[in-house]
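Peer 1: The primary structure of each chain is shown beneath.
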Amino acid sequence: MRIGIVCPYSWDVPGGVQFHIRDLADHLIDLGHDVSVLAPADDDTPLPPYVVSAGRAVPVPYNGSVARLNFGFLSAARVRRWLHDGTFDVIHIHEPASPSLGLLACWAAQGPIVATFHTSNPRSRAMIAAYPILQPALEKIRARIAVSEYARRTLVEHLGGDAVVIPNGVDVDFFAKAEPKAEWQGDTIGFIGRIDEPRKGLPVLMKALPKILAERPGTRLLVAGRGDEEEAVEKLPAELRSRVEFLGMVSDDDKARFLRSVDLYVAPNTGGESFGIILVEAMSAGAPVLASDLDAFAQVLDQGAAGELFANEDADALAASALRLLGDPARRAELRARGSAHVRRFDWSTVGADILSVYETVTDGAAAVAADEPDEPGGLLARLGLVRD
Amino acid sequence: MPGRAARGAPVACATVTSTLIWIVVALVAIGLYLSWTAGRLDRLHSRIDAARAALDAQLLRRASVAQELATSGVLDPAASMVLYEAAHAARQAEEDNREVAESDLSQALRAVFGEVQQVEAVQAVPGGEDAARELAQAVRRVPMARRFHNDAVRAARALRRHRKVRWFRLAGHAPFPLAFEMDDEAPVALADRPGT
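Taken in sequence, the protein lines are chains P and L.
Just so we're aligned, residue 65 is where the first sequence starts under this note's numbering, counting upward by one.
Just so we're aligned, residue 3 is where the second sequence starts under this note's numbering, counting upward by one.
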């Protein structure tokens, strides 16, 4: 099958959607499909052979933060050329409602379109204003995928219609087979995420840390991710700062080893999450997970069966749960086992098969219609109901 | 004053001409907009046709695999009969009866493949692995195809209810699209998936 995938965000900037698309493309290519990915990228970025650059993304303020987007005449022309050269059987657009490549591709594409909605943003004012323009483009999408039940609900509320839920995929074995690292083991709590982004929840964890250390002084907090380290520990009493270790950005391999090593993985995110791939990765690596009770997280953790949940933004609840888990190896072993079993449904073998099912369902129907219905005569007159038959 | 009347005539004429031009421009613009809307509607109708064809194909596939399993002798006689009845009825159903017959088949499948052991028993016999996989795929794809179909129906209905479409009869003779409503819940033992 010839598959064209459109990535709305810059390929140079690491992000959940980009990783998802990279893994999906790799998986599909392994299965013998012909895949081309259109993504914004700087001209000098080294790209995998299957990625076609749509030009540099421009940083613009959008929806309350600065987003790097692609739009305008040149981008539209590149999208059209890519669509024309690709002759795809199916086009898979990610985030079609963001004013970037996704929307441009949706606008220009003719054949069967599949779209994945990743975010569950409340409807922005720009989208309401652009709705009459957006609607005809979005109508072309034949199959919608939402990454979680939560994302699906928001999608149905805002755009109407329906979507199937296919979670983001993870290469479970990559994490499950990683080698633990001794220096990250022994009463350690792990956190991965941008340090300076409050919604990733590090401040909540920092607030809970003194309580945890008061009872278990030997505990260490390992933080992997970019951001200002000085600022992160500012609120922490000086004598406790040595219990926090910053690892900076880690490679994929180190991330897997990190998750294999820690005694407890904490995800204190305070909102804005539609899926929670990091929880799936942690469970794949066999790390017991303690996460805030966001809708999306609760779903990934099977409502608390595969990992524990604490009340969102409640540092005391976080501290209490963390202490209970750190002091109870049996419970942690149970969580490890449950997580490892639960996480199989997020493996690429399952997720990839589901996505291919969507492609095949869509192309099956399109082929059937194309075969038994040649172009109807009459054109405009027929459409206006002026031709009598 | 004849001189003044003679001078006024071309001015009036020019006004009439420019008014006419504007009317023509407006009419052309409205015409283009309506034509574009009609094209949009046309595309939605062909999207529904495609989605319906895909749904039909998936339903037929599901009924065929179910019937195959029912006649293969892998299942116990009671389960075989229940499944065969439901699969046969689903394949033979008339259009107005289709939704009920397909829902019955979903129920029968859930009754027969309610337990993991039954699925494992099917997988154990030669060729059973393939049959079980095909059935699992079919019960997974039916709800997908149905969602895509009903999504297309909803989009077309929203547009068709609009004034411009009703007043100018842009939908032509196409019948008002109907959603396909059925019970498509997959048997637990065959679909170990979150959500959907």
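Errors might be hidden in some of the hints.
What the hints assert, rightly or not - Chain P is nowhere near these chain L residues, computed Cβ spacing over 12 Å in every case:
hint, residue
1, V18
2, I25
3, S48
4, S66
5, A81
6, M83
7, Q94
8, G116
9, A138
10, V144
11, H151
12, N152
13, D153
Stated by the list, open to error - Here are a few chain P residues that face chain L, going by a calculated C-beta distance under 8 Å:
hint, residue
14, E221
15, G224
16, A405
Claimed, not checked - Okay, derived cross-link-like pairs now, SDA-like style, lysine to any residue, Cα gap no bigger than 25 Å in a straight line:
hint, chain 1, residue 1, chain 2, residue 2
17, L, K166, P, E279
18, L, K166, P, L286
19, L, K166, P, A369
20, L, K166, P, E243
21, L, K166, P, R388
22, L, K166, P, A302
23, L, K166, P, P281
These aren't lab readings, by the way, just hints derived from the structure by calculation.
Just so you know, these numbers come straight off a predicted model, no measurement behind them.
Every residue, glycine too, gets a C-beta built ideally from N, C-alpha and C.
Peer 1: Against each hint, give a clear statement of whether it holds in the structure.
Peer 2: Now the hints, each set against the structure:
Non-interface status of L/V18 relative to chain P is upheld: no Cβ of that chain comes within 12 Å, the nearest being about 29 Å off. No Cβ of chain P approaches the Cβ of L/I25 within 12 Å, the least distance being about 20 Å, so the stated non-interface status holds. With 12 Å as the threshold on Cβ separation, the claim that L/S48 sits away from chain P is violated: the shortest Cβ distance comes to roughly 6 Å. Here L/S66 stays apart from chain P, with its beta-carbon at least about 15 Å from theirs, past the 12 Å limit.
In this structure L/A81 is separated from chain P by more than 12 Å, as the shortest Cβ-Cβ distance comes to about 26 Å. In this structure L/M83 is separated from chain P by more than 12 Å, as the shortest Cβ-Cβ distance comes to about 30 Å. Residue-level check passed: L/Q94 sits 21 Å from the nearest beta carbon of chain P, beyond 12 Å. Its beta-carbon lying about 19 Å from the closest one in chain P, L/G116 satisfies the requirement of being farther than 12 Å from that chain.
Not every Cβ of chain P is farther than 12 Å from the Cβ of L/A138; the closest lies at roughly 10 Å, contradicting the non-interface assignment. Some Cβ of chain P comes within 12 Å of the Cβ of L/V144; the nearest lies about 10 Å off, and the non-interface call is violated. Separation of L/H151 from chain P is inadequate, the least Cβ-Cβ distance of about 9 Å not exceeding the 12 Å criterion. With 12 Å as the threshold on Cβ separation, the claim that L/N152 sits away from chain P is violated: the shortest Cβ distance comes to roughly 6 Å.
Listed as outside the interface, L/D153 is inconsistent with that label: its C-beta sits roughly 4 Å from the nearest C-beta of chain P, within the 12 Å cut-off. The beta carbon of P/E221 is not positioned within 8 Å of any beta carbon in chain L (closest approach about 14 Å), and the interface hint is therefore violated. For P/G224, the interface hint holds, the least distance from its beta-carbon to any beta-carbon of chain L being 6 Å, beneath 8 Å. Interface hint at P/A405: violated, since its Cβ lies 10 Å from the closest Cβ of chain L, which is beyond the 8 Å cut-off.
The suggested pairing of L/K166 with P/E279 is violated, with an alpha-carbon distance near 70 Å, which exceeds 25 Å. Restraint check for L/K166 and P/L286: the C-alpha separation of about 61 Å exceeds 25 Å, so the hint is violated. A C-alpha spacing of about 52 Å is found between L/K166 and P/A369, which places the hinted pair above 25 Å, so the restraint is violated. Between L/K166 and P/E243, the direct Cα distance comes to roughly 65 Å. Violation of the 25 Å bound is thereby established for this hinted pair.
For the suggested pair L/K166 and P/R388, the alpha carbons sit about 64 Å apart, so the restraint of at most 25 Å is broken. Between the alpha carbons of L/K166 and P/A302 the distance comes to roughly 69 Å, so the proposed pair goes past 25 Å and is violated. The hinted pair formed by L/K166 and P/P281 fails the criterion: a straight-line CA distance of about 72 Å is larger than 25 Å.
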